[in-house]
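Chains as they are written, first to last, in our numbering: chain A, 1 to 116; chain B, 1 to 113.
FYI, nobody ran anything at the bench for these hints, they're computed from the structure. Among the hints, erroneous ones may be present.
To be verified - A few chain A residues facing chain B, derived, Cβ under 10 Å:
{"#": "1", "residue": "16"}
{"#": "2", "residue": "45"}
{"#": "3", "residue": "56"}
{"#": "4", "residue": "94"}
{"#": "5", "residue": "109"}
What the hints assert, rightly or not - Between beta-carbon pairs, the in silico distance windows are:
{"#": "6", "chain 1": "A", "residue 1": "18", "chain 2": "B", "residue 2": "83", "range": "19 to 29 Å"}
{"#": "7", "chain 1": "A", "residue 1": "69", "chain 2": "B", "residue 2": "18", "range": "43 to 53 Å"}
{"#": "8", "chain 1": "A", "residue 1": "82", "chain 2": "B", "residue 2": "14", "range": "42 to 52 Å"}
{"#": "9", "chain 1": "A", "residue 1": "15", "chain 2": "B", "residue 2": "58", "range": "41 to 51 Å"}
{"#": "10", "chain 1": "B", "residue 1": "60", "chain 2": "A", "residue 2": "39", "range": "37 to 47 Å"}
{"#": "11", "chain 1": "A", "residue 1": "28", "chain 2": "B", "residue 2": "45", "range": "14 to 24 Å"}
{"#": "12", "chain 1": "B", "residue 1": "40", "chain 2": "A", "residue 2": "84", "range": "35 to 45 Å"}
{"#": "13", "chain 1": "A", "residue 1": "18", "chain 2": "B", "residue 2": "70", "range": "22 to 32 Å"}
{"#": "14", "chain 1": "A", "residue 1": "12", "chain 2": "B", "residue 2": "70", "range": "44 to 54 Å"}
These numbers were taken from a predicted model, which means no experiment stands behind them. By construction, the Cβ of each residue, glycine as well, lies at the ideal position given by its N, Cα and C atoms.
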Amino acid sequence: KAGVTQTPRYLIKTRGQQVTLSCSPISGHRSVSWYQQTPGQGLQFLFEYFSETQRNKGNFPGRFSGRQFSNSRSEMNVSTLELGDSALYLCASSAGQGGSSTDTQYFGPGTRLTVL
Amino acid sequence: AQSVTQLGSHVSVSEGALVLLRCNYSSSVPPYLFWYVQYPNQGLQLLLKYTSAATLVKGINGFEAEFKKSETSFHLTKPSAHMSDAAEYFCAVRGGGYNKLIFGAGTRLAVHP
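So here's chain B without its partners, still in its complex pose (with noise of 0.2 Å):
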């Protein structure tokens, strides 16, 4: 069975500054692993995914997360963070051939100027 768990509910960061967002992976599967990203009261939106191709992933808005089997993690990071980033990140795994995600908790990002 797969799971993810996403260290911290609530991260602050200063604009400007690293942004690091946890999580960690269970799978008994190669996992194909997705961050997410909610702004208030919308939906989910894609911001990359790890598919097995790459292990340092790109996605959208200057976010990158890189895979490490060893540690079963997949952290995102930004290298500076801008106040339109402050939202709640989802990690999630997908795995037995069906398209059913597996949620963390998620963890609140907040950006102070």
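With the rest of the complex left out, here is chain A (with noise of 0.2 Å):
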């Protein structure tokens, strides 16, 4: 099976401008979870998706926002970047709800966002 697909892997953009991520979860899983990896603050939860819903949200303004596919693919979205926006975001897929002790998250390579 191939793993969790993230797009692009690498983006520089300019304070003010928008952004969207692209995730392709691993076939047969329906939760897609994202994560923002920055030196300073770790790896915080932003938000999971299951079956076009979201179903939970981290601490983060509502300038991040996301959307999840019928395909189980997700997209996430940063509006008016600010430079603390540079991280690493992280797409994470799970064949559950979470409810269970087989639910476990598999995480994509990444995608590298600069924001000058």
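The two chains are supplied separately, each in an independent frame; assemble them into the complex guided by the hints.
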């Protein structure tokens, strides 16, 4: 089975722009979660989607949004970019909803976003 | 609420020596605990997970971890370090019925010849 794929792998934007990142989960997985990784704050949960519905959201401003399509692929969008949004954005997929011991999140390689 | 604390942001060992990376958790419900490894410029790779089936969990690449409820710990060990083990290691806890992982700050492992 192919793993989680994320596109693009690297992105450079300027302040004020917006950006869209894409994530394709492992085939058959219906849950997609997004995380932000920075040297200062570490790994922080952004949000989770399951069957096209956002089930959980982390403590991030409304500039961060996401969606999930019927084929489970997910996108996250950041509007009005700030310098502090520079980070590695990781996507993870899981087969179930997180209530089972067998639900495990598998991560993609990430998208490195640099905001200038 | 769940949380994870990793003791030691940097650990350095010699090749062939024991690796011990420490993780303590806080959880109001029975926790699901995970160890992930991250190599430079890569995503996170699952090493092992605790799901209450057994307190001693064996993972990939010779790593294992022991769940100790009395100590609220889930330390990661490997009997003999390899140069290829040099990476950053993250302990994480999941709870609440959602696919939300709460990560520790990470421990960077250096392995010296």
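Evaluation of the provided hints:
Interface hint at residue 16(A): violated, since its Cβ lies 27 Å from the closest Cβ of chain B, which is beyond the 10 Å cut-off. Taking 10 Å as the C-beta cut-off, the interface hint given for residue 45(A) holds, the closest approach to chain B being about 5 Å. At about 5 Å, the closest approach between the beta carbon of residue 56(A) and any beta carbon in chain B falls short of 10 Å, and the interface hint on this residue holds. Given the 10 Å rule on beta carbons, the hint for residue 94(A) holds: about 5 Å separates it from the nearest Cβ of chain B.
Checking residue 109(A) against chain B: minimum C-beta separation of about 4 Å stays under 10 Å; hint holds. The supplied range of 19 to 29 Å is broken by residue 18(A) and residue 83(B), whose beta-carbon atoms lie about 42 Å from each other. The hinted range of 43 to 53 Å is satisfied by residue 69(A) and residue 18(B), whose Cβ atoms lie roughly 47 Å apart. At about 43 Å, the beta-carbon gap between residue 82(A) and residue 14(B) stays in the expected band of 42 to 52 Å.
The hint said 41 to 51 Å for the Cβ distance between residue 15(A) and residue 58(B), and at roughly 47 Å that hint holds. Our hint of 37 to 47 Å for residue 60(B) and residue 39(A) is violated, since their Cβ atoms are close to 27 Å apart. For the pair residue 28(A) and residue 45(B), the beta carbons lie near 20 Å from each other, so the given range of 14 to 24 Å is met. With their beta carbons about 23 Å apart, residue 40(B) and residue 84(A) fall outside the hinted range of 35 to 45 Å.
The given range of 22 to 32 Å is broken by residue 18(A) and residue 70(B), whose C-beta atoms sit roughly 50 Å from each other. Take residue 12(A) and residue 70(B): their Cβ atoms lie about 50 Å apart, and the range 44 to 54 Å holds.
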